[in-house]
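Asker: Listed below are the residues making up each chain.
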Amino acid sequence: MNLAALMIADSRFPGGGHVHSGGLEEAVARKLVTDEPSLRSFLVGRLRTAGALSAVFASAATRGRYAELDAEFDARTPSPAQRNASRVQGRGIARAAKRAWPSPVLTELLRVTPRPHHPVIVGALVGDPFEAAQTVAYHAVTGPATGAIRLLGLDPFGVNAILAHLSSEIDAVAAMAADHADTLPEDLPSPSAPGLDLLAEAHDRHHSEEVRLFVS
Amino acid sequence: MSADHVHPVNFDPTDPGHDPHDHGEHDHSHRAVRIGIGGPVGSGKTALTAALCRALGQSVDLAVVTNDIYTTEDADFLRATGVLDVDRIEAVQTGACPHTAIRDDITANLDAVELLEHRFHGLELVIIESGGDNLTAVFSRGLVDRQIFVVDVAGGDKVPRKGGPGVTTADLLVINKTDLAPMVGADLGIMTADAHRMRGELPVISQSLVDTPDAPAVADWVRAQLRTLAAVS
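Protein sequence lines correspond, in order, to chains E and S. Straight run, no breaks: the first sequence in the working numbering ends on number 273. Straight run, no breaks: the second sequence in the working numbering ends on number 241.
The shape of chain E in the complex, shown without the other chains (with noise of 0.2 Å):
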């Protein structure tokens, strides 16, 4: 796996990511997710739906096609809150990697989109449709992971062997998004969340009226 890749799935990157628990605060505030178990369900269900998506998207970027990927990852994100969430980290790892991966690409990239998703910047600045999709994929699971340790105290030798175990899973989604790298924008895959949607709506919603940690 190219360093790039690596350094963007650390969770010591400063891209913005630890501020944001991929719905999994608001899962907690509702006591849907209470322990490993109902952990582990939440993160499968986001991988094979925000997970899947993004791993797509992040995919398909590194061929380029930017302002009309951002588009189609929109029309495929029906909750503003997420696509704000989503938006905001892309804009994080903007920041970082003007400093660190300055190039023509890069800058071509936030010519057509100043605020570009997530999963477009990453497939940009990753190169490879299959590692591309596995760094996305596997952010999908690690951002509401940490958020589970931090907020429910759990196990933190537990909560990674979770994660672990999640590898073949990992794999299956970004193999999948691995052969949509030269689909067109229009025709990609729209695997979508409900339930994850309307938890990030809520999650906005109560910021402005009760305690929440987390930005998404």
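Check before you lean on any hint, since a few could be wrong.
Here are the in silico distance ranges between beta carbons for each label pair [claimed, not checked]:
(1) S:T220 - E:A124: 21 to 27 Å
(2) E:P94 - S:T220: 54 to 60 Å
(3) E:G215 - S:R235: 53 to 59 Å
(4) S:P224 - E:R168: 48 to 54 Å
(5) E:A128 - S:L210: 29 to 35 Å
(6) E:S160 - S:A88: 16 to 22 Å
(7) S:R149 - E:R168: 26 to 32 Å
(8) S:L210 - E:T240: 45 to 51 Å
(9) S:P173 - E:A128: 41 to 47 Å
(10) S:G65 - E:V268: 24 to 30 Å
(11) S:L210 - E:D236: 56 to 62 Å
(12) S:T22 - E:R156: 50 to 56 Å
(13) S:G65 - E:P171: 40 to 46 Å
Since the hints were derived computationally from the structure, they do not count as laboratory data. Yeah, the Cβ is synthetic: ideal placement off N, Cα and C, and Gly gets one too.
Given the structure of chain E, go ahead and fit chain S onto it with the hints provided.
Answerer: Chain S alone, transformed into the frame defined by chain E:
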């Protein structure tokens, strides 16, 4: 090299080297000065922020970013005390890690600062108040130009000698709530002596916002920093 100054040692044998006197790439002219206020929970960071807004708000174009872990509570406090317009306060969620948000991954705070700079073009000062944390918390130099660390006498007079990067390296250490010293059995003399011993030449201000609600000594220090930073930009 002349004898009146030194240059940093370069340990990298592959570095082709550069002119140490070339400061061309550092340009502070197009952004507000950023001052961080950090310190343990309950030490009075928000009260100091409000006091600075009262003291400086008429003469300095300023805004505040708050990182309180309970999201909008600090922002609500500043709004309720009427010291700052609502749209000059941005609250940042820290993902349950206040020190990460000001030190290791400052993305959310930079987004908030840039949003305020975009909203108010003549902005001169952004005060970034961290969430309450422990003595190891410190602001990244990528986020702030200067930082103030706030401890209070009710936290115990041994806090300054415990040290930690906040106490030892902050540009200003504030020992807050001095009016409480007799009530909690804290020895102010020991606290200030320890603070100076731990910090060398770096300044220490003891204050009570009960006695001086507008924090005049800290406000003067902030004004001096604004002049200094404006001069180098």
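Asker: Please flag the earlier hints that this structure goes against, numbers listed from lowest up.
Answerer: 1, 5, 6, 8, 12, 13
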